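Enquirer: What follows is the residue order along each chain.
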Amino acid sequence: MALLQIAEPGQSTVPHEHRLAAGIDLGTTNSLIASVQSGNASTLSDAQGCDILPSIVSYQADNTLVGQTAQALSIEDAQNTITSAKRLIGRSLQDIQSKYPSLPYDFCGDENHPEIMTRQGAVNPVQVSAEILKSLNSRAQAALGGDLTGVVITVPAHFDDAQRQSTKDAAKLAGVSVLRLLNEPTAAAVAYGLDSGQEGVIAVYDLGGGTFDISILRLNKGVFEVLATGGDSALGGDDFDVALVDYFVEQAGLVRPLSPSLERQLMQQACFAKEQLTAKDQVEITISLDDNSDWQTSLSKAKLNELIGSLVNKTLRACRRTLKDADITIDEVIEVVMVGGSTRVPLVRSEVEKHFNKTPLTSIDPDKVVAIGAAIQADVLVGNKPDSEMLLLDVTPLSLGLETMGGLVEKVIPRNTTIPVAKAQEFTTFKDGQTAMAVHVLQGERELVDDCRSLARFELRGIPAMTAGAAHIRVTFKVDADGLLSVSAMEKSSGVESSIEVKPSFGLDDKQISQMIKDSMSNAADDMQARMLKEQQVEASRVIESVQAALLADSKLLTSEEVVVIESAINTLAQVSQGQEIKAIESALDTLNDSTAVFAERRMDSSISQALAGQAVDKM
Amino acid sequence: MNYFQLFNIEASFDVDIQELSSSYQTLQKTVHPDKFAHSSEQEQRIAVQKSAQINDAYQTLKNPLQRAEYILVQRGVEMPNEQHSFQDTSFLMRQMELREMLEDVKFSSNVDAALAEVQSVLSNECSQLSQLMRTQISENNAASNLAACDNLRKLKFYQKLNVEVDRLEDSLFDD
Numbered sequence: 001m002a003l004l005q006i007a008e009p010g011q012s013t014v015p016h017e018h019r020l021a022a023g024i025d026l027g028t029t030n031s032l033i034a035s036v037q038s039g040n041a042s043t044l045s046d047a048q049g050c051d052i053l054p055s056i057v058s059y060q061a062d063n064t065l066v067g068q069t070a071q072a073l074s075i076e077d078a079q080n081t082i083t084s085a086k087r088l089i090g091r092s093l094q095d096i097q098s099k100y101p102s103l104p105y106d107f108c109g110d111e112n113h114p115e116i117m118t119r120q121g122a123v124n125p126v127q128v129s130a131e132i133l134k135s136l137n138s139r140a141q142a143a144l145g146g147d148l149t150g151v152v153i154t155v156p157a158h159f160d161d162a163q164r165q166s167t168k169d170a171a172k173l174a175g176v177s178v179l180r181l182l183n184e185p186t187a188a189a190v191a192y193g194l195d196s197g198q199e200g201v202i203a204v205y206d207l208g209g210g211t212f213d214i215s216i217l218r219l220n221k222g223v224f225e226v227l228a229t230g231g232d233s234a235l236g237g238d239d240f241d242v243a244l245v246d247y248f249v250e251q252a253g254l255v256r257p258l259s260p261s262l263e264r265q266l267m268q269q270a271c272f273a274k275e276q277l278t279a280k281d282q283v284e285i286t287i288s289l290d291d292n293s294d295w296q297t298s299l300s301k302a303k304l305n306e307l308i309g310s311l312v313n314k315t316l317r318a319c320r321r322t323l324k325d326a327d328i329t330i331d332e333v334i335e336v337v338m339v340g341g342s343t344r345v346p347l348v349r350s351e352v353e354k355h356f357n358k359t360p361l362t363s364i365d366p367d368k369v370v371a372i373g374a375a376i377q378a379d380v381l382v383g384n385k386p387d388s389e390m391l392l393l394d395v396t397p398l399s400l401g402l403e404t405m406g407g408l409v410e411k412v413i414p415r416n417t418t419i420p421v422a423k424a425q426e427f428t429t430f431k432d433g434q435t436a437m438a439v440h441v442l443q444g445e446r447e448l449v450d451d452c453r454s455l456a457r458f459e460l461r462g463i464p465a466m467t468a469g470a471a472h473i474r475v476t477f478k479v480d481a482d483g484l485l486s487v488s489a490m491e492k493s494s495g496v497e498s499s500i501e502v503k504p505s506f507g508l509d510d511k512q513i514s515q516m517i518k519d520s521m522s523n524a525a526d527d528m529q530a531r532m533l534k535e536q537q538v539e540a541s542r543v544i545e546s547v548q549a550a551l552l553a554d555s556k557l558l559t560s561e562e563v564v565v566i567e568s569a570i571n572t573l574a575q576v577s578q579g580q581e582i583k584a585i586e587s588a589l590d591t592l593n594d595s596t597a598v599f600a601e602r603r604m605d606s607s608i609s610q611a612l613a614g615q616a617v618d619k620m
Numbered sequence: 001m002n003y004f005q006l007f008n009i010e011a012s013f014d015v016d017i018q019e020l021s022s023s024y025q026t027l028q029k030t031v032h033p034d035k036f037a038h039s040s041e042q043e044q045r046i047a048v049q050k051s052a053q054i055n056d057a058y059q060t061l062k063n064p065l066q067r068a069e070y071i072l073v074q075r076g077v078e079m080p081n082e083q084h085s086f087q088d089t090s091f092l093m094r095q096m097e098l099r100e101m102l103e104d105v106k107f108s109s110n111v112d113a114a115l116a117e118v119q120s121v122l123s124n125e126c127s128q129l130s131q132l133m134r135t136q137i138s139e140n141n142a143a144s145n146l147a148a149c150d151n152l153r154k155l156k157f158y159q160k161l162n163v164e165v166d167r168l169e170d171s172l173f174d175d
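Note that the protein sequences, when read in sequence, are chains A and B.
So the first sequence is residues 1 to 620, counted in this note's numbering.
So the second sequence is residues 1 to 175, counted in this note's numbering.
Hint data in this document are derived by calculation from the structure and do not stem from the laboratory.
The structure displayed is predicted, hence computed values, not measured ones.
Think of the CB as a built atom: it goes at the ideal place given N, C-alpha and C, for glycine as much as any other residue.
You may find that some hints are simply not true.
Pair ranges (Cβ atoms, derived) [as the list claims (entries may be wrong)]:
| # | chain 1 | residue 1 | chain 2 | residue 2 | range |
| --- | --- | --- | --- | --- | --- |
| 1 | B | Pro64 | A | Asn571 | 32 to 40 Å |
| 2 | B | Ser12 | A | Asp554 | 30 to 38 Å |
| 3 | A | Ser298 | B | Glu164 | 34 to 42 Å |
| 4 | A | Met405 | B | Asn110 | 36 to 44 Å |
| 5 | A | Asp387 | B | Glu97 | 19 to 27 Å |
| 6 | B | Pro64 | A | Pro257 | 52 to 60 Å |
| 7 | A | Met405 | B | Met96 | 51 to 59 Å |
| 8 | A | Ala597 | B | Ala142 | 21 to 29 Å |
| 9 | A | Ser298 | B | Met101 | 19 to 27 Å |
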């Protein structure tokens with residue numbers, strides 16, 4: 001008979017095993033990966049000692065370059081070198097072209113699934129992001145000496161469902177397991193919060209290359225409660241550059257359309273000028289035009305401030321509105337945290353300082369703070385810190401609703417609702433004898449359907465014919481801890497049901513993803529099988545480990561018959577998962593899961609009552 | 001288990017928000033999906049479910065209007081449908097006046113002051129109604145519960161007006 005291990009009180013029941021985990025800041029301009037090693041979170045560097053990876057992918061004839069090497073080709077080979085893919089992810093073609101009219105790419109694909117034609121063929125923005133993730137993943141494997149159990153990937157708080165889903169899809173393509181999608185400002189708060197041990201309300205002002213977020217959080221004993229978040233998923237330092245480029249084009253008397261390489265060169269010079277003006281008051285710019293002549297100009301800091309002033313103001317308006325949503329006055333904010341490379345722009349710092357009447361915190365490198373926070377969260381999520389008091393309570397950034405008669409949106413989950421959340425709303429039929437209902441899911445704050453983002457449409461069919469208004473259709477919205485939505489609808493009297501994982505109109509579906517994974521593998525079918533087998537084996541050992549730990553801790557919640565059933569299911573799964581049969585492992589997993597369903601519920605309920613009892617004792 | 005029992009606090013309209021939020025955080029530290037990120041899919045699913053229920057209960061008790069509605073429904077008071085017509089004509093007249101006042105803000109010579117004026121009028125009338133509802137809820141008899149229910153519906157009208165005010169504010173200060 002096997003000896004049972006008994007843990008000391010207060011210790012984890014699972015023997016300590018350090019799992020490798022990392023936090024990834026998948027940025028518009030730059031990406032980073034960080035990890036907690038012997039208690040310290042720090043960014044990981046590549047072989048050249050560089051931790052910042054430019055978010056640039058270049059598709060060459062015989063290979064795909066990522067980072068600095070891709071960046072080197074971004075002017076001469078602009079059409080095959082994709083920068084700022086994050087601005088394209090989860091968006092429609094129309095959306096992209098109206099927002100960024102002068103991108104040097106050859107777009108193809110359809111309206112809702114735009115792709116970029118490169119010399120390697122059509123490439124989806126999700127695939128571009130996957131290349132960046134792959135590169136960071138292999139860097140981490142080299143630095144940490146093993147496969148990562150899981151990663152936390154950060155996204156702008158303001159990202160909508162399509163953008164979040166696409167980010168997760170990119171991770172799937174890259175073969176990295178996502179523990180959680182974490183909002184960037186929340187990650188930054190984690191990085192700062194643990195350092196300073198602050199309690200109270202803080203504001204995180206996050207201006208990156210392509211996105212702006214403002215989050216208001218309350219910190220209390222390790223709990224980071226996001227009260228409200230706001231911002232603009234298409235406003236960032238790149239827009240400062242665009243404003244400068246437009247100014248250069250006008251000054252130089254150039255007429256658009258310009259060649260892709262000239263557009264790229266102008267962007268680079270604009271970015272250079274902006275960065276130089278952080279320390280200097282004046283900068284000289286030289287652009288080599290398509291006819292090989294040079295055009296020169298000088299740019300003053302005052303002119304830059306004038307060009308970007310209205311953009312900075314736009315961020316401050318979002319701050320005001322978000323504070324209002326959080327029901328917090330400016331005086332209650334004890335700290336303002338600055339995140340994102342664009343907060344280096346002096347005008348941004350001075351305006352934020354004026355607005356909040358406080359010197360903003362900049363002690364952690366604004367380029368690295370998000371990755372560091374994500375690494376701390378990853379370390380906790382993967383189970384390396386079982387006694388951690390840290391808990392992040394985040395919110396939905398945008399309201400979620402349904403289309404009702406007359407093209408109006410009925411909100412089901414308002415913005416700034418703490419996630420995870422499940423909410424149901426009842427609707428009824430409009431016509432006598434109506435047997436089907438179209439469910440149109442929308443995201444946004446406006447009243448009209450046309451002004452909101454369409455996330456998905458599906459139909460509930462087979463409603464029994466009744467008089468108008470007699471049917472009761474219950475539509476349930478669920479948002480998980482990653483901020484991803486799923487919707488289901490049910491007619492109550494008949495029990496007719498229909499549901500959808502909201503795979504947004506703009507994302508990839510599961511078939512496309514597995515096809516892409518197959519395509520990316522040299523020996524497609526075999527590799528795919530191997531990967532699926534590995535995934536199932538990992539899940540099997542995870543489930544066995546957690547059920548064993550649960551039995552050790554809480555077998556008192558079970559009858560001895562129940563224990564026998566569970567133990568036999570464990571043994572079967574343990575045996576089967578040594579083999580190569582994916583289907584057999586799946587079915588043994590299902591059996592074990594079925595046999596522990598009630599147990600898991602009971603454990604959760606018992607820990608709820610224990611937690612409250614513990615609290616009552618604390619009070620006395 | 002009702003929501004007050006869930007958070008182990010006294011069942012009353014006058015909730016100690018500090019106590020509520022401290023219980024809430026304790027519970028979330030136990031059931032939040034982040035605590036199960038390395039557990040089986042099944043445990044993750046249950047964690048999401050429980051955590052969502054606790055979030056919903058917390059929001060309900062934290063927000064005064066939702067809390068009032070929850071208490072009244074628990075007492076068996078039938079909440080009239082939103083579309084149900086309102087009998088109180090003087091209240092409806094007042095609502096129309098307030099809407100007109102809001103409409104006029106953008107034509108005012110001093111938009112800021114006009115907006116502030118509307119906000120202060122709304123907030124005064126709201127707090128009077130809330131005070132009344134609170135007393136009626138604590139009396140807790142058939143008549144007072146019905147009266148509280150009526151005032152709750154009125155407060156919901158004000159809530160909608162406040163949303164309109166926010167929209168107006170956004171549109172005035174946007175480009």
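Enquirer: So, for every hint listed, does it hold in this structure?
Expert: Okay, the hints, checked on the actual structure:
{"no.": "1", "hint": "B:Pro64 with A:Asn571: 32 to 40 Å", "result": "violated, 55 Å"}
{"no.": "2", "hint": "B:Ser12 with A:Asp554: 30 to 38 Å", "result": "holds, 35 Å"}
{"no.": "3", "hint": "A:Ser298 with B:Glu164: 34 to 42 Å", "result": "violated, 50 Å"}
{"no.": "4", "hint": "A:Met405 with B:Asn110: 36 to 44 Å", "result": "holds, 39 Å"}
{"no.": "5", "hint": "A:Asp387 with B:Glu97: 19 to 27 Å", "result": "violated, 59 Å"}
{"no.": "6", "hint": "B:Pro64 with A:Pro257: 52 to 60 Å", "result": "holds, 57 Å"}
{"no.": "7", "hint": "A:Met405 with B:Met96: 51 to 59 Å", "result": "violated, 24 Å"}
{"no.": "8", "hint": "A:Ala597 with B:Ala142: 21 to 29 Å", "result": "violated, 44 Å"}
{"no.": "9", "hint": "A:Ser298 with B:Met101: 19 to 27 Å", "result": "violated, 53 Å"}
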